[in-house]
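Engineer: Those sequence lines, one after another, are chains A and B. Residue numbering for the first sequence follows this note's numbering, starting at 1 and increasing by one per position. Residue numbering for the second sequence follows this note's numbering, starting at 210 and increasing by one per position.
Simulated from the structure, these hints should not be mistaken for laboratory data. Small disclaimer: the values here were computed from a predicted structure and weren't measured. Heads up, a few of these hints could be off.
[Said to hold, decoys possible] A partial selection of chain B residues facing chain A, derived with a Cβ cut-off under 7 Å:
1. E236
2. L242
3. A251
4. I280
5. V281
[Stated by the list, open to error] Simulated DEER-style distance windows between Cβ atoms:
6. R84/A with R468/B: 58 to 64 Å
7. T237/B with I202/A: 19 to 25 Å
8. Q76/A with P482/B: 49 to 55 Å
9. S154/A with M273/B: 40 to 46 Å
10. P478/B with P91/A: 35 to 41 Å
11. I108/A with R468/B: 29 to 35 Å
12. A445/B with L143/A: 31 to 37 Å
13. S189/A with R446/B: 32 to 38 Å
C-beta: ideal position from N, C-alpha, C; glycine also.
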Amino acid sequence: MAVARAEMTTTLCAGEGLAYAPAMERAPLDDSALMLRYQDGDTAAFEELYRRHNDALYRYFLRLGGDAAAAEDLYQEAWTKIIRARSSYRPTAKFTTFLYRVAHNCFIDYVRRNKRHTQTAAVDPDTQPSANESPEMHAESRLARERLEIALLSLPEEQRDVFLLHEEAGLSLDEIAGVTGANREATKSRLRYAVRKLRAAIDEPEVET
Amino acid sequence: MRTDDTTRHDDEVGSDLRDAYRRIATETTPPHLDEAVLAAAATAGSPAKKGLWQWRRPLAWATMIGLSFAIVLEFNQTGVDLAPDLEETLPQSAPADVDDETSAEPTGDAALDGASGFSAEPLRKEAADEAARAARQSLERTVATEAEVEKRARDAELETMSAPAAAELRESAEPSVKSLAPATATVATEADALGAVATDSAERLRADADRQANFLLQQSASDEAACDDMTRADPARWRECIRALVDTRRLDEARLESRLFLETFPDEPAPVPVK
Numbered sequence: 001m002a003v004a005r006a007e008m009t010t011t012l013c014a015g016e017g018l019a020y021a022p023a024m025e026r027a028p029l030d031d032s033a034l035m036l037r038y039q040d041g042d043t044a045a046f047e048e049l050y051r052r053h054n055d056a057l058y059r060y061f062l063r064l065g066g067d068a069a070a071a072e073d074l075y076q077e078a079w080t081k082i083i084r085a086r087s088s089y090r091p092t093a094k095f096t097t098f099l100y101r102v103a104h105n106c107f108i109d110y111v112r113r114n115k116r117h118t119q120t121a122a123v124d125p126d127t128q129p130s131a132n133e134s135p136e137m138h139a140e141s142r143l144a145r146e147r148l149e150i151a152l153l154s155l156p157e158e159q160r161d162v163f164l165l166h167e168e169a170g171l172s173l174d175e176i177a178g179v180t181g182a183n184r185e186a187t188k189s190r191l192r193y194a195v196r197k198l199r200a201a202i203d204e205p206e207v208e209t
Numbered sequence: 210m211r212t213d214d215t216t217r218h219d220d221e222v223g224s225d226l227r228d229a230y231r232r233i234a235t236e237t238t239p240p241h242l243d244e245a246v247l248a249a250a251a252t253a254g255s256p257a258k259k260g261l262w263q264w265r266r267p268l269a270w271a272t273m274i275g276l277s278f279a280i281v282l283e284f285n286q287t288g289v290d291l292a293p294d295l296e297e298t299l300p301q302s303a304p305a306d307v308d309d310e311t312s313a314e315p316t317g318d319a320a321l322d323g324a325s326g327f328s329a330e331p332l333r334k335e336a337a338d339e340a341a342r343a344a345r346q347s348l349e350r351t352v353a354t355e356a357e358v359e360k361r362a363r364d365a366e367l368e369t370m371s372a373p374a375a376a377e378l379r380e381s382a383e384p385s386v387k388s389l390a391p392a393t394a395t396v397a398t399e400a401d402a403l404g405a406v407a408t409d410s411a412e413r414l415r416a417d418a419d420r421q422a423n424f425l426l427q428q429s430a431s432d433e434a435a436c437d438d439m440t441r442a443d444p445a446r447w448r449e450c451i452r453a454l455v456d457t458r459r460l461d462e463a464r465l466e467s468r469l470f471l472e473t474f475p476d477e478p479a480p481v482p483v484k
């Protein structure tokens, strides 16, 4: 997918009359290069970087804490820290790892501040049936989604964190271990437990009421 | 967001679960958050501000250094002595005899001067000065009164040419002596009273100084002997330490440690009560 995007961007940038071609140059810059450009005052580079990660980071906070208001606060806090840290940023690791390490630490601080934080299912599954779904199929699909949401929120915090870092941030086990401070085996085990519970939730036969 | 590396490395999740998760994970960042973050990034990263900061910092340093030089030069030119002689600020010393007397008494000042920075010396000197002044005044009054009486009597004796005259003179001087006697007694009593007051005051000041000295000595001693940080890290050991303090009748320290314990470990069982 990354290769396809690179090819597409190169093609677009090679075209005539594109105003943003000089900024994008020939190939898309990787995250670290964008951050370094932002370090030099290029806010367009930051915007590009931001657009690559904003939704995934938002969903990470939304599902990790289960609270939309808290997710918004944490999201802003994490990006503010990234912005403030721009002058000291060194591309020693993937930017995604850096970003999610900051995000993870923000969440840990939030949990410590609010020890009795409640896990409320703020995420609202889509209730509108799609065009090719019958009402029965839609109801079944909705139930499966709800079960997955509930199962995700009922996971222990460490397992949910690992699962979200794997799915939303796209981090490998080693990178997740680096972000969370756990070792690789513990991370792998947490992910395995999380997947087992989530799979059980989506495979669960519907109970007749 | 997933890369080939991560999928190859640890495809624990599986496509079914991933698809199911992707169907529910469709939320996007609210626009107001995007605007806020991008605005913050633009403000923080704008070159104009960076440039402003770059010349402001050296300017601030230059201003500070310039002002410091100006102040020092001004003081030098106007002749203001920045470090006046310390001897002028010190209190004058007491008379030698009083100083010797008071310095002979054990107060533990030397130990305190080193241990806690407290010095009883000024208090002691003040007390000694007051006592010496009062004693000197009363002595001078008494001596002056007696000298005057004796002088009158002597003058009368020397000037007499004959015994009757001397006797006459003595008789004439007798009432004066008699009339002066109560005054002498009164002055002597007053001097005694003043001396007693001065002595009381001096003793009180000395006692205060000694009390403070003893308190600080006890405090420094208790600092050394009370429960240390290692003990305080463990509630059980801390409780044992407090119990040991109570057993050895070091109740003040035990009370202090108990209060610290309850503040540090409010959820732990309270240590042994201190009466």
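Engineer: Each hint should be assessed against the structure and marked as holding or not.
Structural biologist: Results of checking the hints against the structure:
For the restraint placing E236/B at the interface with chain A, the shortest Cβ-Cβ distance is roughly 5 Å, inside the 7 Å limit, so the hint holds. With a cut of 7 Å, the hint placing L242/B at the interface with chain A holds, because the nearest CB-to-CB distance is about 6 Å. For A251/B, the interface hint holds, the least distance from its beta-carbon to any beta-carbon of chain A being 5 Å, beneath 7 Å. This hint is violated: I280/B has a C-beta 35 Å from the nearest C-beta of chain A, more than the 7 Å allowed.
Interface hint at V281/B: violated, since its Cβ lies 36 Å from the closest Cβ of chain A, which is beyond the 7 Å cut-off. Checked against the hint of 58 to 64 Å, the pair R84/A and R468/B fails, with Cβ atoms roughly 42 Å apart. The beta-carbon spacing between T237/B and I202/A, approximately 23 Å, falls within the hinted interval of 19 to 25 Å. One distance hint, 49 to 55 Å for the beta-carbon pair Q76/A and P482/B, holds here, with the actual separation near 51 Å.
Range check, S154/A to M273/B: Cβ separation about 59 Å, and the 40 to 46 Å hint is violated. At about 53 Å, the beta-carbon gap between P478/B and P91/A misses the expected band of 35 to 41 Å. Taking the beta carbon of each, I108/A and R468/B are about 33 Å apart, inside 29 to 35 Å as hinted. Range check, A445/B to L143/A: Cβ separation about 53 Å, and the 31 to 37 Å hint is violated.
Evaluation of the 32 to 38 Å hint for S189/A and R446/B yields a pass: the beta carbon distance comes to about 36 Å.
In summary, the numbered hints that this structure violates are 4, 5, 6, 9, 10 and 12.
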